[in-house]
Amino acid sequence: MENQNNQTVPVLEVRNVSKDFSGIYALKNIDLQIFPGQVHAIIGENGAGKSTLMKIASGVYTEYAGDVILDGVKVAFKNPKQAKEQGVVIIHQELNLIPYLSITENLFLGNELVNRMGLLDYPEMHKQAKELLKRLHFDINPHTRLNMLRVGQQQLVEIAKSLLLESRVMIMDEPTSAISDHEVALLFQIIKELKAKGVAIVYISHKLNELFEIADRFTVLRDGEKVGSGSMAGTSHDQLIQMMVGRSLADSFRKVVNIQSHEVLRVENLCFRNPGNENDFLVNNICFSLNKGEVLGICGLMGAGRTEVLEAIFGLYPKDVSGKIFIDGEEKQIRNVADAIDAGIALVPEDRKLQGLILNMNVAQNTSLASLAKISKFSFINKKEEEKISLNFVKKLNTQVSSPKMEVQKLSGGNQQKVVIAKWLATNPKVLLLDEPTRGIDIGAKTEIYRLINELAQQGMGIVVVSSELPEILSVSDSILVLSESRQTAKLSREEATEEIIMKAALREKE
Amino acid sequence: MDTQDLKTKLIKFQSIIALLIMCIVLSLLSDRFMSADNIWNVMRQISVNMIISVGMTLVILIGGIDLSVGSVLALSGAITAVMLKYGNEFPGWNIHIGFTLIGALLGGTLIGAFLGWFNGLTITRFKVPPFVATLAMLTIARGLTMLLTGGFPITGFSDQMAFIGTGWFLGIPMPVWISAVVVLVAVVLTNRTRLGRYIYAIGGNETAAELSGLKINKIKLIVYSIAGALAAVGGIIVTSRLDSAQPNAGSGFELDAIAAVVIGGTSLSGGKGTIMGTVQGTLIIGILNNGLVLLNVSPFWQQVIKGMVILVAVVIEKFNSKDKQ
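Line order of the protein sequences matches chains A and B. With the first letter of the first sequence counted as 1, position 26 gets the number 25 in numbering that gives the first Met the number 0; the numbers rise by one all the way through. With the first letter of the second sequence counted as 1, position 294 gets the number 293 in numbering that gives the first Met the number 0; the numbers rise by one all the way through.
Rather than coming from a laboratory, the hints here were simulated on the basis of the structure. The model shown is predicted, which means the values in this text are computed figures rather than measured ones. In this text, a Cβ means the ideal position worked out from N, Cα and C, and glycines have one as well. One should not assume that every hint holds.
DEER-style ranges, computed between Cβ atoms [as the list claims (entries may be wrong)]:
| id | chain 1 | residue 1 | chain 2 | residue 2 | range |
| --- | --- | --- | --- | --- | --- |
| 1 | A | Ala64 | B | Arg31 | 56 to 62 Å |
| 2 | B | Phe162 | A | Lys387 | 46 to 52 Å |
| 3 | B | Gly306 | A | Val59 | 32 to 38 Å |
For reference, chain B alone in the conformation it holds in the complex (with noise of 0.2 Å):
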């Protein structure tokens, strides 16, 4: 009974040991991975894969995949840009809006929002298939920004704007915070909350779940709305740090959020894991995209190797699952 125990201990933190060997690993082969700008570096960096690795999350675990981060968070940042820089035009009534701040961010995470929840009615009125449905909005938005962008950044920002991506805030760079405060969130919203709950049910049996009274479309609608509003999120973030809405910003994000989200455990057929098995996930592709760099290998095998990890993850997880039945 109790090597079956230290077992299952085992296999529940295996990501977190995982982490700790590489940091080990890491700390004996460089001096600077262990020092505290390299850290902060780090975990900004990964700040903006952790926001849209918990929408992803979110979205697997109802049994769906969303392909569009990438490009929402693109329009979205391109759209805050634009409303910072120039305000609103309405050229047949003669009227200009400008935004404030506070108004242009709510405004860009209720675009990203409202991609989202497009994804979710095609999903759920339309019965695409989320790879297709959000495949389309991967490309649909992609081109909107082009359209919006002209194909060139909008760069020059006020430096309250400038302190979202790049400020510190009690000795913790803002990004962190940010992301901090998601993960915190999306926690108690999982476990504590009926929205949670019904999110777990789904992904673990939508035919029950709808035979026991849920709501089963406006729970996914929330759910792709939520993914396209912390896409948007990164946007803003993205943006603020370079200073510049960029056209092609996140492009591939998308990739790097599903192997975050797989790696953290969470079963791609829904209803299975955790978001914080997501966060260990952002940690370990996080770290060894640094060890790797600070290591000096080629960035050629830097992607094959993470490629590897992926895939050994996956396999690692399968096996488990296989051995508990």
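Chain A extracted, bound-state conformation (with noise of 0.2 Å):
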């Protein structure tokens, strides 16, 4: 059982709850007690139930079974915005902001402050917005409108919106899923300090080295029940991953390389203009060869132009693009997707939901929509064909559907991802470029990804890797690119490439 070593009372009590989606259990008898003044971690795969108990917690879901108990009190929040009121506050994955409003306009939102006329009174938000502003040590003027931001600082204007309310739960559901180093640094330093003023938070995030550094305990979800619980001082990153896979990650790295010494891809002097700006280069002279079977990573801080080169190769942004593609020795013009998938070119976005699937279609129907020409006749689809392929695709893959004929958005992310995948292996690519593919998606779908990768590349695909998370790009790239504000800073082979060697080209700076 829990060990109650901490002599305070917890803040927020969650007592044998359990929760169903018509019939299926989400949430099966979970106990979870929240102390102030700590961090505790909520860590699972996808589907595990942590979004869903965070959503009890906070008000969303009002029907469940079990109690929350506040302050030693039962509580049933009839929505968030009463769980608010009594100081329990959730920041989601995805922002709630306004584009086209101010930073202050945005952190007053639905609490603005009136003047004795009963008017906006904007001197005194403004005030109170620089304030806090600075207390996070975000140096930014609050006039800003939120649509000139980088994802990453609306993320910290959300969380900033969140202090303003004088919480004392507060819920962060993947703060750092979009933000850069330097960001999570700031928001720890938040953290750190929202600790010391006894606010208990509850932290939900898929990167386990993140909470050895910011979290005290933890709880491990899996499949909707508890499967441990302690305190994180006491336990190994490897022990919290095999609470939540049940199976170790051991297998997830490159074991046997291919790499042929034919050349698929080869990029040279690729440059991206910023179309917002005459002389602000988005990609600046970025060079590189790719042989067959060979698995190359980008990495670079957030803006450094790590997506940009995917999107300047595969024809987005023809205008603003110049320098030379050649595939398999012949230079290509690419002047839009079309041509780009002709040269044998394939990209798998990094925002699966706004860029990658049709949400309402079908698996079958996403998984050809690249490749439709192939499988019609005078613009007639072959249905048939069409589910076939998917079908294919899906075991390949071991994706988790019922059949190909399951709409896309009720699949979980890991299994959303394979989908796009499929969809572009269904193109037949040479060179497969892939943003981001592992993120938010749970540790399981994630090795599979990784093995894919293996065998692809085994197969005599080309395959470009951009990620965000070093250790990703450590355990599947052969050899790295270094992005620094738009410019390449380093070329490293796999054997050569350490952690603190790509930060250190990666923070390299213009002369």
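Two chains, two frames, a set of hints: combine them into the complex.
Shown next, in the form of structure tokens:
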């Protein structure tokens, strides 16, 4: 059982909570105690029930079995607003901000300050916003419109917004999934200050390294059940992974390497001019070469131009891109995505929901979307063939679906990602570009995707992986390209690359 | 599981069930409703809305809207009428070109397609929101119709021309044949062809569709052209049935078409909906109109009731789609 070595009483307690969705259990008899001044990590694969549990604790879900207890008193929040008023705040993974309002307006949205006339008191709001941002060491003008900020900065605004409320329990759902290391450092600073003030923090994250840095206690969920909990200090990385998946991550590394001497992709002097600013380059003079069977990792900090390199190769911005692209030694003119596909290039984009999938279409329809011409005659689609191909990929990628006719919006993140990958493998590419292929998916699916990268490389495909997670880059790549401020600052082989060397190159600034 | 199945089936066939209930109630309240005369009458009346609504469905499926169909109908009808009646004069060269019936019909349809294509062009090339682009076309095409006709109807065509709107073939009115063919082609297009799939994909997620190599602009141009061409076909039927091209023909038709599409369960945000849904929507509006007339409901109340039906249909639709999540 829980050992209550802490003298304080829990501020928030979840007792024997269960929740089902039309008969299927999402949570089973969960107990959880959150103490003031501590960071409690909730760990588990996607679909393990983390978000469901937090939605119950913060008033998003109102129907469940069991009790939620705040300060020793049983509560039943009717909605998130009520929870907020009682000091329980949730910061969602998705941003809930208005792009065309300023930082100040966003911070005070729903809680605006008014003057005696009943009109908005902008001077006071700006003043408070400025103080708050300063306290967060977040150096930015609060008049700035939100859509001028990078995603990571927006995330900080979201966090700042919840700080305005005097909350006692703060639930953070994957707060670092889209922010750079610098912003992570800022966030951790904030968390430490909150802890000192006695705020209890529930922290959901996939990044175990972070948890060791910031969390005091943890609870691991698997398939809706609590499989372990305790103090972070006495637990190892591997133990946590074992609890999460019930298997070890040992085979996720690239073992068999079979790089052929044939060059499948060469990029020369690739430049991508910022459409908004003549003198700025998003990608500046990048050159690299990729052989058949080789996996090239591209890394760098947020905004270093990682995604843009892939987009430039893929023909998304033909007007602003210059440079030469060779496939199998032959120069290709790529003016649009269709040209890229014809040349044998495929891109699995960063955001599978916004860029990868047609959510209300089914698995088969999504799988065939980029290669429909192959399975149609006189524009008529051969639906049998379509389903057959889709089923093949479902088996090959081990996608968890009941049938190819299942709508993709009902799948978990990992399975959705597999559908996007299947779509691109169906085009039979020579070069596969993967942008953050494992973002927001659970460790089980991650391992499978690493294994797939291995397998495809072995079959002779050239693969480029962009990732913000260094361990990922180190474990899948044969060679590594490091970007900093749109330029390449290092090209490393797997043998010479270490996290330290990469970080140094990624932080190198222009002279 | 069984009740779940039953529920999804009920949701799937809700428009048909609504239709059946309407028909049963009306036949109990009015002797004339179920007569063959009345049924063909209803079918003939709704066929123009049916044809326009099919085009509107495609436009709405890609996440757009076309407010110009009523005016495009009028302009295409008027141009067809002018071609039939006067041919085309080229004063500078002293040339006069007359048109056969087929030539004029084809010409009128092409004009409609061109107007639709122009909508598509402003939307794709100049990034004008569909609502604004087609609102502008609504005014432009209506104005051009007035200029062309001088504000007066153009009347008096051949019997062959009249046959299109008033004739019967194998015991079924011609407009019903035409709308049936249009519906059939559209069903095949949306369900079986690549273009159909691409239409759904663009409406479902334009970014993902573009990243999958789809030529978004080309497909949009095609869809708006189809909508324009179908409006023109409607214009030809209206002109033929009245034996005259009215300068104010088709005004307000865009609203009936949008209503039919929405009642038929197509989502205004695109990507979701079917042609058969729209067919049911058209039938519901048509039968409702007919029933209210048969029951001597005042025209003012008719409008109120029609509006309520649209609201209820959309609310039910929203309710159902929320239920699914």
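We went through each hint and held it up to the structure:
1. A:Ala64 / B:Arg31: 56 to 62 Å: Hint holds: Cβ distance 59 Å, inside 56 to 62 Å.
2. B:Phe162 / A:Lys387: 46 to 52 Å: holds, 48 Å
3. B:Gly306 / A:Val59: 32 to 38 Å: Holds, since Gly306 of chain B and Val59 of chain A (Cβ atoms, about 35 Å apart) stay within the stated range.
Comparing the model with each earlier hint shows no violations; every hint is respected.
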